[in-house]
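Read off the chains here:
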Amino acid sequence: MLLQNKKILTFILSGGKGSRLYPLTRDRSKPAVFFAARFRIIDFVLSSCINSHLRQVYLLTQTKSLSLHQHLRKSWNFLPNELSEFVAPVPAQQRVSEEWYSGTADAIYQNLHLLEYHRPEHVFILSGDHIYNMDFNELFNQHIERGADLTLSVLGIKKKEAAAFGVLTMDDDLNINSFIEKPQDPSQIPGESDDCYINMGIYLFKTDTLVRMLAQDARKRSSHDFGKNIIPSMLGKYRVNGFSFKKSRFGHYWRDVGTIRSYYNANMDFLSQLGSRIICTPDWPILTAGISSPSSFFGGNEGVRIRNSTVDLGSHLYNCDINHSLIGAGVTVGSDTLIENSIIMTDCSIGRGCVIRNAIFDKGVVIPDNVQIGCDPQIDKEHFFISDGIVVLPKNFVL
Amino acid sequence: MADKKRLLIIDDDKNMRELLELEFQDQDYAVITAENAFDGLQVLKNESVDLVVLDIKMPGMDGIEALEKIVSIYRELPVVIHSAYSHFKENYLTWSAVAYVIKSGKFDELFETVKTHIG
Numbered sequence: 082m083l084l085q086n087k088k089i090l091t092f093i094l095s096g097g098k099g100s101r102l103y104p105l106t107r108d109r110s111k112p113a114v115f116f117a118a119r120f121r122i123i124d125f126v127l128s129s130c131i132n133s134h135l136r137q138v139y140l141l142t143q144t145k146s147l148s149l150h151q152h153l154r155k156s157w158n159f160l161p162n163e164l165s166e167f168v169a170p171v172p173a174q175q176r177v178s179e180e181w182y183s184g185t186a187d188a189i190y191q192n193l194h195l196l197e198y199h200r201p202e203h204v205f206i207l208s209g210d211h212i213y214n215m216d217f218n219e220l221f222n223q224h225i226e227r228g229a230d231l232t233l234s235v236l237g238i239k240k241k242e243a244a245a246f247g248v249l250t251m252d253d254d255l256n257i258n259s260f261i262e263k264p265q266d267p268s269q270i271p272g273e274s275d276d277c278y279i280n281m282g283i284y285l286f287k288t289d290t291l292v293r294m295l296a297q298d299a300r301k302r303s304s305h306d307f308g309k310n311i312i313p314s315m316l317g318k319y320r321v322n323g324f325s326f327k328k329s330r331f332g333h334y335w336r337d338v339g340t341i342r343s344y345y346n347a348n349m350d351f352l353s354q355l356g357s358r359i360i361c362t363p364d365w366p367i368l369t370a371g372i373s374s375p376s377s378f379f380g381g382n383e384g385v386r387i388r389n390s391t392v393d394l395g396s397h398l399y400n401c402d403i404n405h406s407l408i409g410a411g412v413t414v415g416s417d418t419l420i421e422n423s424i425i426m427t428d429c430s431i432g433r434g435c436v437i438r439n440a441i442f443d444k445g446v447v448i449p450d451n452v453q454i455g456c457d458p459q460i461d462k463e464h465f466f467i468s469d470g471i472v473v474l475p476k477n478f479v480l
Numbered sequence: 002m003a004d005k006k007r008l009l010i011i012d013d014d015k016n017m018r019e020l021l022e023l024e025f026q027d028q029d030y031a032v033i034t035a036e037n038a039f040d041g042l043q044v045l046k047n048e049s050v051d052l053v054v055l056d057i058k059m060p061g062m063d064g065i066e067a068l069e070k071i072v073s074i075y076r077e078l079p080v081v082i083h084s085a086y087s088h089f090k091e092n093y094l095t096w097s098a099v100a101y102v103i104k105s106g107k108f109d110e111l112f113e114t115v116k117t118h119i120g
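Protein chains in written order, with the numbering used here: chain A, 82 to 480; chain B, 2 to 120.
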């Protein structure tokens, strides 16, 4: 059974502030943060939607949403309206009340009119914050075969990492029988020494059940959150199933890039075969803005040395050394500069004789000649923002 | 003696309003009426109410929009929809009401519903 032609509506929760990703989120919401130098975080879940034939997609946006809206307009406006296909942002518009979205469930509740307008049979609710690929057909098929009211994708991870997520237990028949948001002592998977199932923020609801739960929740004083309120209140009353992400087609990779360190590490994953397998699967493209720039130029008499790195279009590199780094589009790097273990985003300009190590440069950073960054923690601390041991220069930072 | 439970009836039909007011007063409720949703929301700003009986088809703001506003502001205040039309029952935007009662010549079901929710 394919999702094509099914009556399904998709909401992507895209209002994440990404406070722990500051300063990358100083001017934009988390889904709009650049990733792997050329994509935005949102591109991954949107690509999986399009590739899975989920093509009626609303993105619920809230704070600092201009950057995301611009990206959607430039990159995701290709679906034919004539076929009722769309990727459309829905800003929090206080249509119902004078409050912004007060939780993940409230975000959907405040847009019930869209469910009434489309009258889908099932509703996907996804997060715009994560890096992964997924063929949603697999989850949908299990959901239908088992007649579930809610199917949520689950992932087994180490217990010590699980406390930051919603942790659940599941019986052999895939029924979820407990669910606790961010527990102090996460419940382990029976038979697995040190693993726990976590909620990935990927939900497929039967529409009637979803509306019933949202309407009940709206009348309570709660956090109006799927993890804290809706899912726990459904257990034992509705058929709530888990879908094993690891057993699915792309189950080898999922990252929550919630902190500068996890964001940095996930970017660096793309400098390995694992990463390239995610980006380069020919039948599952990751879509993003088309860049109308010429190919990158590598000049100078001594040449440019590039090892384990990627360089996007329109960059100009002269007599420099790029090692284990991601270089975005339109970046200029001067002679005798070394860039190592770093992420340099679009439109940055780095002078001559610089050494850049273990750093993230957001879009449009300008660094003059002979600057060292990431070489001496004391000096870095005096001049730059450092998070998790990584120097992060915000958008349009000029030294 | 305990205070009477207070009902707000929002209905644009004058006869229905007056009839319900009398009937509920007979059942020992205190009743406030409003002839449209705007007035009803204004009453809620100024008065303490235990339950709202809400018509759907009204000029200007209809009962569906009024329900959304009431639930968003007064989350725990029960609203019973009282409409002559059954098809709105399928409308997801009415599902935040605690009950949906179809208007008929008798008020037994409405009385029972109100009683269930506020005694």
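Be careful, since some hints might not be right.
As the list claims (entries may be wrong) - Heads up, incomplete: computed chain A residues facing chain B, CB under 10 Å, no partners named: (1) L193; (2) E197; (3) I238.
What the hints assert, rightly or not - Straight-line alpha carbon distances no greater than 30 Å define the calculated DSS-like cross-link-like pairs of lysine-lysine that follow: (4) A:K318 - A:K98; (5) A:K98 - B:K46; (6) A:K309 - B:K104; (7) A:K318 - B:K107; (8) B:K90 - A:K88; (9) A:K145 - B:K70; (10) A:K301 - B:K104; (11) A:K309 - A:K263; (12) A:K263 - B:K5; (13) B:K70 - B:K15; (14) A:K318 - B:K15; (15) B:K15 - B:K46; (16) A:K328 - A:K240; (17) A:K328 - B:K116; (18) B:K90 - B:K107; (19) A:K145 - A:K87; (20) A:K301 - B:K46; (21) B:K104 - B:K6; (22) B:K107 - B:K5; (23) A:K87 - B:K90; (24) A:K301 - B:K5; (25) B:K15 - A:K301; (26) A:K476 - A:K145; (27) B:K58 - B:K5; (28) B:K70 - A:K88; (29) A:K98 - A:K476.
Bear in mind the hints are in silico, worked out from the structure with no lab data behind them.
Note that CB positions come from ideal geometry on N, CA and C, so glycine has one too.
Hint-by-hint comparison with the structure:
1. Interface hint at L193 of chain A: satisfied, since its Cβ lies 5 Å from the closest Cβ of chain B, which is below the 10 Å cut-off.
2. For E197 of chain A, the interface hint holds, the least distance from its beta-carbon to any beta-carbon of chain B being 5 Å, beneath 10 Å.
3. At its closest, the beta carbon of I238 of chain A sits 36 Å from a beta carbon of chain B; the interface hint therefore is violated under the 10 Å criterion.
4. The suggested pairing of K318 of chain A with K98 of chain A is violated, with an alpha-carbon distance near 33 Å, which exceeds 30 Å.
5. The suggested pairing of K98 of chain A with K46 of chain B is violated, with an alpha-carbon distance near 33 Å, which exceeds 30 Å.
6. A distance of roughly 38 Å separates the Cα atoms of K309 of chain A and K104 of chain B; the hinted pair therefore is violated under the 30 Å criterion.
7. Restraint check for K318 of chain A and K107 of chain B: the C-alpha separation of about 34 Å exceeds 30 Å, so the hint is violated.
8. Straight-line distance between C-alpha atoms of K90 of chain B and K88 of chain A comes to about 21 Å, which keeps the hinted pair within the 30 Å bound.
9. The suggested pairing of K145 of chain A with K70 of chain B holds, with an alpha-carbon distance near 26 Å, which does not exceed 30 Å.
10. About 28 Å separates the Cα atoms of K301 of chain A and K104 of chain B, which keeps this hinted pair within 30 Å; it holds.
11. The hinted pair formed by K309 of chain A and K263 of chain A meets the criterion: a straight-line CA distance of about 9 Å does not exceed 30 Å.
12. A threshold of 30 Å between alpha carbons decides the hint, and for K263 of chain A with K5 of chain B the separation of about 44 Å lies outside it, so the pair is violated.
13. As the CA atoms of K70 of chain B and K15 of chain B are separated by approximately 23 Å, the hinted pair is consistent with the 30 Å bound.
14. For the suggested pair K318 of chain A and K15 of chain B, the alpha carbons sit about 43 Å apart, so the restraint of at most 30 Å is broken.
15. Among the hinted pairs, K15 of chain B with K46 of chain B is consistent with the structure: their alpha-carbon atoms are about 22 Å apart, no more than 30 Å.
16. Between the alpha carbons of K328 of chain A and K240 of chain A the distance comes to roughly 19 Å, so the proposed pair stays at or under 30 Å and holds.
17. Our distance criterion of 30 Å between C-alpha atoms is broken by K328 of chain A and K116 of chain B, whose separation comes to about 52 Å.
18. For the suggested pair K90 of chain B and K107 of chain B, the alpha carbons sit about 19 Å apart, so the restraint of at most 30 Å is met.
19. Only pairs whose Cα atoms come within 30 Å are accepted, and K145 of chain A paired with K87 of chain A is rejected, the gap being roughly 33 Å.
20. As the CA atoms of K301 of chain A and K46 of chain B are separated by approximately 20 Å, the hinted pair is consistent with the 30 Å bound.
21. Between the alpha carbons of K104 of chain B and K6 of chain B the distance comes to roughly 22 Å, so the proposed pair stays at or under 30 Å and holds.
22. Restraint check for K107 of chain B and K5 of chain B: satisfied, since their Cα atoms lie roughly 23 Å apart, inside the 30 Å limit.
23. For a cut-off of 30 Å, the pair hint linking K87 of chain A to K90 of chain B stands: about 24 Å separates their Cα positions.
24. For the suggested pair K301 of chain A and K5 of chain B, the alpha carbons sit about 24 Å apart, so the restraint of at most 30 Å is met.
25. Among the hinted pairs, K15 of chain B with K301 of chain A is inconsistent with the structure: their alpha-carbon atoms are about 33 Å apart, more than 30 Å.
26. Among the hinted pairs, K476 of chain A with K145 of chain A is consistent with the structure: their alpha-carbon atoms are about 14 Å apart, no more than 30 Å.
27. At roughly 29 Å between alpha-carbon atoms, K58 of chain B and K5 of chain B fall within 30 Å of each other, so this suggested pair holds.
28. The hinted pair formed by K70 of chain B and K88 of chain A meets the criterion: a straight-line CA distance of about 29 Å does not exceed 30 Å.
29. Proposed proximity of K98 of chain A and K476 of chain A is supported: the alpha carbons are some 16 Å apart, at most 30 Å.
Hint violations for this structure: numbers 3, 4, 5, 6, 7, 12, 14, 17, 19 and 25, all remaining hints satisfied.
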